[in-house]
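J.: Guided by the hints, dock chain B onto chain A, whose structure is given.
Residue numbers (the working numbering), protein chains in the order written: chain A, 1 to 549; chain B, 1 to 549.
No incorrect hints appear here.
Far from chain B, some chain A residues (derived; all Cβ distances over 10 Å):
#1 156
#2 428
#3 496
Listed below are the simulated EDC-like cross-link pairs for lysine to aspartate or glutamate, each with C-alpha atoms no more than 20 Å apart in a straight line:
#4 515/A to 513/B
#5 386/A to 349/B
#6 386/B to 369/A
#7 386/B to 365/A
#8 360/A to 338/B
#9 386/A to 369/B
Just so you know, these hints were derived from the structure itself, not from any lab. Every residue gets a Cβ at the ideal spot worked out from N, C-alpha and C, and that includes glycine.
Protein chains: 2
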Amino acid sequence: MPLQIVLAQLNATVGDVTGNADSIRQAAARAHAAGAGVLLTPELSLVGYPPEDLLLRPSFLRRSQELLEELVQETAQWPGLALVIGHPRQVDGRVVNAATVARDGKVVGVYGKLELPNYAVFDEQRYFVPDGAPLVFEAGGHKLGVAICEDIWFGRAAAMAKAEGAEGLLVLNASPFHLNKHDERLAVIRQHVSRHKIPAFFCNLVGGQDELVFDGDSFVTDASGEVVARAKAFAEDDLMVSVQPAGSVGGGEVAAGLSPEAQVYQALVLGTRDYVQKNGFAGGIVGLSGGIDSALTLAIAVDALGAENVTAVMMPSPYTSEMSLVDARACAKALAVELHEVSISPAYDALSQSLAPLFKGRAADTTEENLQSRIRGVLLMALSNKTGRLVLTTGNKSEMAVGYCTLYGDMAGGYAVIKDLTKGWVYRLSNMRNQHKTGVDGQLVIPQRIIDRPPSAELRPDQVDQDSLPAYDVLDDILVRFVEQGQSTAEILAAGHDRETLAKVYRLVRSSEYKRRQAAPGVRITPRAFGRDWRFPLTNRFLEKEIFQ
Amino acid sequence: MPLQIVLAQLNATVGDVTGNADSIRQAAARAHAAGAGVLLTPELSLVGYPPEDLLLRPSFLRRSQELLEELVQETAQWPGLALVIGHPRQVDGRVVNAATVARDGKVVGVYGKLELPNYAVFDEQRYFVPDGAPLVFEAGGHKLGVAICEDIWFGRAAAMAKAEGAEGLLVLNASPFHLNKHDERLAVIRQHVSRHKIPAFFCNLVGGQDELVFDGDSFVTDASGEVVARAKAFAEDDLMVSVQPAGSVGGGEVAAGLSPEAQVYQALVLGTRDYVQKNGFAGGIVGLSGGIDSALTLAIAVDALGAENVTAVMMPSPYTSEMSLVDARACAKALAVELHEVSISPAYDALSQSLAPLFKGRAADTTEENLQSRIRGVLLMALSNKTGRLVLTTGNKSEMAVGYCTLYGDMAGGYAVIKDLTKGWVYRLSNMRNQHKTGVDGQLVIPQRIIDRPPSAELRPDQVDQDSLPAYDVLDDILVRFVEQGQSTAEILAAGHDRETLAKVYRLVRSSEYKRRQAAPGVRITPRAFGRDWRFPLTNRFLEKEIFQ
Numbered sequence: 001m002p003l004q005i006v007l008a009q010l011n012a013t014v015g016d017v018t019g020n021a022d023s024i025r026q027a028a029a030r031a032h033a034a035g036a037g038v039l040l041t042p043e044l045s046l047v048g049y050p051p052e053d054l055l056l057r058p059s060f061l062r063r064s065q066e067l068l069e070e071l072v073q074e075t076a077q078w079p080g081l082a083l084v085i086g087h088p089r090q091v092d093g094r095v096v097n098a099a100t101v102a103r104d105g106k107v108v109g110v111y112g113k114l115e116l117p118n119y120a121v122f123d124e125q126r127y128f129v130p131d132g133a134p135l136v137f138e139a140g141g142h143k144l145g146v147a148i149c150e151d152i153w154f155g156r157a158a159a160m161a162k163a164e165g166a167e168g169l170l171v172l173n174a175s176p177f178h179l180n181k182h183d184e185r186l187a188v189i190r191q192h193v194s195r196h197k198i199p200a201f202f203c204n205l206v207g208g209q210d211e212l213v214f215d216g217d218s219f220v221t222d223a224s225g226e227v228v229a230r231a232k233a234f235a236e237d238d239l240m241v242s243v244q245p246a247g248s249v250g251g252g253e254v255a256a257g258l259s260p261e262a263q264v265y266q267a268l269v270l271g272t273r274d275y276v277q278k279n280g281f282a283g284g285i286v287g288l289s290g291g292i293d294s295a296l297t298l299a300i301a302v303d304a305l306g307a308e309n310v311t312a313v314m315m316p317s318p319y320t321s322e323m324s325l326v327d328a329r330a331c332a333k334a335l336a337v338e339l340h341e342v343s344i345s346p347a348y349d350a351l352s353q354s355l356a357p358l359f360k361g362r363a364a365d366t367t368e369e370n371l372q373s374r375i376r377g378v379l380l381m382a383l384s385n386k387t388g389r390l391v392l393t394t395g396n397k398s399e400m401a402v403g404y405c406t407l408y409g410d411m412a413g414g415y416a417v418i419k420d421l422t423k424g425w426v427y428r429l430s431n432m433r434n435q436h437k438t439g440v441d442g443q444l445v446i447p448q449r450i451i452d453r454p455p456s457a458e459l460r461p462d463q464v465d466q467d468s469l470p471a472y473d474v475l476d477d478i479l480v481r482f483v484e485q486g487q488s489t490a491e492i493l494a495a496g497h498d499r500e501t502l503a504k505v506y507r508l509v510r511s512s513e514y515k516r517r518q519a520a521p522g523v524r525i526t527p528r529a530f531g532r533d534w535r536f537p538l539t540n541r542f543l544e545k546e547i548f549q
Numbered sequence: 001m002p003l004q005i006v007l008a009q010l011n012a013t014v015g016d017v018t019g020n021a022d023s024i025r026q027a028a029a030r031a032h033a034a035g036a037g038v039l040l041t042p043e044l045s046l047v048g049y050p051p052e053d054l055l056l057r058p059s060f061l062r063r064s065q066e067l068l069e070e071l072v073q074e075t076a077q078w079p080g081l082a083l084v085i086g087h088p089r090q091v092d093g094r095v096v097n098a099a100t101v102a103r104d105g106k107v108v109g110v111y112g113k114l115e116l117p118n119y120a121v122f123d124e125q126r127y128f129v130p131d132g133a134p135l136v137f138e139a140g141g142h143k144l145g146v147a148i149c150e151d152i153w154f155g156r157a158a159a160m161a162k163a164e165g166a167e168g169l170l171v172l173n174a175s176p177f178h179l180n181k182h183d184e185r186l187a188v189i190r191q192h193v194s195r196h197k198i199p200a201f202f203c204n205l206v207g208g209q210d211e212l213v214f215d216g217d218s219f220v221t222d223a224s225g226e227v228v229a230r231a232k233a234f235a236e237d238d239l240m241v242s243v244q245p246a247g248s249v250g251g252g253e254v255a256a257g258l259s260p261e262a263q264v265y266q267a268l269v270l271g272t273r274d275y276v277q278k279n280g281f282a283g284g285i286v287g288l289s290g291g292i293d294s295a296l297t298l299a300i301a302v303d304a305l306g307a308e309n310v311t312a313v314m315m316p317s318p319y320t321s322e323m324s325l326v327d328a329r330a331c332a333k334a335l336a337v338e339l340h341e342v343s344i345s346p347a348y349d350a351l352s353q354s355l356a357p358l359f360k361g362r363a364a365d366t367t368e369e370n371l372q373s374r375i376r377g378v379l380l381m382a383l384s385n386k387t388g389r390l391v392l393t394t395g396n397k398s399e400m401a402v403g404y405c406t407l408y409g410d411m412a413g414g415y416a417v418i419k420d421l422t423k424g425w426v427y428r429l430s431n432m433r434n435q436h437k438t439g440v441d442g443q444l445v446i447p448q449r450i451i452d453r454p455p456s457a458e459l460r461p462d463q464v465d466q467d468s469l470p471a472y473d474v475l476d477d478i479l480v481r482f483v484e485q486g487q488s489t490a491e492i493l494a495a496g497h498d499r500e501t502l503a504k505v506y507r508l509v510r511s512s513e514y515k516r517r518q519a520a521p522g523v524r525i526t527p528r529a530f531g532r533d534w535r536f537p538l539t540n541r542f543l544e545k546e547i548f549q
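Here chain A stands alone, though its shape is the one from the complex (with noise of 0.2 Å):
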């Protein structure tokens, strides 16, 4: 008889103990009946990931450990299969980052993690302490050891379960999603588990938690590192292979793996919904302004929480073009989204009436742009008191790298759709997301104006936003060198850049620094997004002062 083994990619909620477990139990009920011998979840499946400053409670541990105990015993319903959780684990006072092997009623074993992460978004050892030592247990006639996640990063846990006498390697992942992970993924199977030549099955979380995207594709590599199965990305899934008696492994399904577009626009989709649905809002709500990244941040979220359940709202000014609102009311009407159109005017002269004494003598600067922006905060934010719909932000990565935004005015909302999209990906996933599927009466999603048309904030005549900034493709490409991939000053200079332009970016990077620390998050697309994985002091004179003087 061939060993059945399933991964439940499950779409763990960070603290919900108790539907946590829940989930866990419908999964081993469905392997169960489907004659699996192993279960497999992610990484921490009972608790969600990251759980942070939770761990550092008590309590927290403590129901996790009565809810895992409740799990063990429960596992007699389901005789001769064995059950892989992921849980925090209290030993002498400290916590290890463990999986529970469970059969029959009983434990099997425990493994404790044994790399634990504390660069880019990790904070690992902030909270567990390594442990490792190796778990090897018998299934179905079967050897197989348990590895958790950044352990296979490394080579140390591989060869131990192999030292072990493990035939196979389960691996319980909570690996966030960035552009093209699964191919990082599959390289370090290859390098730490394949050459081993047993097979491999890597079970990832799947959903959005908070700035972080899990993207489910969980797979299985045979002895050689070929993937045989595969689940859906960004979707719960449950992926069954089989293992011969002889030892090979195959018979999963194997899903298409997806395009660079159609991966960045569904974490978007999935770290939206995730994020609104999670924290039992009511729905969204995004400010259009006629141009191309509020038109692409509503089609995102129509695609996440439903037409019905977003509220599309434009502000207009005096500056306004008559082409904006005639865009933005014809990108509402191809997504079928309710649209107020509500002046910002009298506030605007409520206001400057108000401050003219306090700024009697100054002249006109970016305080009037600002305001502008800060009025369209206020009535958005109204509107989601009112409603309980959370307003959805609508600044790029470009924008937010330098500054080019208005704090508590474009910048106000409880979730930045498209934070870590530069301009040049707002571009590329508006193209695909009309490509994809048109509206309503064959309308395109995002009208071809809103594309073709240069940026503008439109909070004085005739304004671009190439009066500010360098051209997008330029900016774009130093964003990604100094921000994504750490490049050295000289690296981005080898490349081309000039000096100046670059000392530019550089200062206001910088000096926008306090914004981004008040930011709303945003779903992570890339290895470095303005978040987590961005801890750059606000108080900082280094880079004005030691580069470009």
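T.: Leaving out everything else, chain B in the frame of chain A:
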């Protein structure tokens, strides 16, 4: 001849490597002129602390190294002076938190920090690898060991230095302040250094860096662990002591310790001053309400920046009492601060009319309260944009904990002066400040009626805080136990709090996490503030589902 050792308690600015090198140079010149044989500086004195992700930038590491090498060469100008500099050091592509001892133009030795804190506000394992190979060097006939900050919170580093023959331990520190931290440091020195019967020279950083304040308060203990010299707190200082040929140490100033209130008040003043000045702002702006929080914030701002650099703005609504207007004016007058009065009614009316069509059929609720608060935020930010002065927010820790504050409203601003003060501490410091020094014409800086009246947000008729919140003494005690001391639910209940109140506080704390994530930084004065040391997920179903269902 006794050996003179100087502890240079410097205010280094993060990233300002050129400026910090100058400060070290000047301190060395002073020490040499005074006949010293050793000059000790704080941890990472060349680059400031914490440099955070600057440590991931190659150009930052390279520039630090260049300046270190310059300083090493310059020690030839101060013959016989051993200069101890804190700096990041690249070793085989990894970075060590190092101290270099240089004398007569040459490197005497380099030490690398052994214990890397990765808890509370610290993330050193994100940046550094541990070293810990002991460094003991000779100066004036004495053998001196070197350790860095966290090293002395454990036993290993001091024991290894002692084993290498150290007759005294030089400790470079960047130890952030919280209330009564000096006592903790002294206990630790006694536990890990003094038990080896050697003196300790504890040189601490001073100054504000974002949310952290380093209090200086450097000190020297003799071989028995008695404090024989102590530098000023909250100011730069050189502390010089003599080591006699037989090893006894003494001869330095012994600054008096400060009361708890004075410690906290000076921390707030220094943190605010350094944030404003190091970031190049022209001054501060405070929105006065006639309540105690904004009155205390204004007093701190004036003490930090000078009355001429502070602007106060009173923004009454129809719900603002005459008493509030009178008291706010008295407060500004006593502090000799310019006061603007701007009614929010015109903007409120304009916005309400604009929103009326969207709100048709919906009852008034907190939306209208938030609207008032947000108009004030918009006005203050406009004044900030126009004048280059930074808006200082006025929310306290009790409010921030339970979300009794408006995002983009009273939370709008660049620095949150009293965000780590519970309401009880707001009263303590207000009374202390009034007793300390009166204002213009001998008037109380914080009018007595502001202290005596029940707190109110004045956002609807006859509102007081206790309509919405538990009594502040109850709330504060729960918050101190839950937030600052990390007590379990069982412990908090055992202290006499009732289950319903605790459940309410938990629910409020959890449901306002998203507000705090977008809050301005502010001075940390407790062991756990709402900043780097409070990292709870936004999406988190734990507290309300598990404890009190």
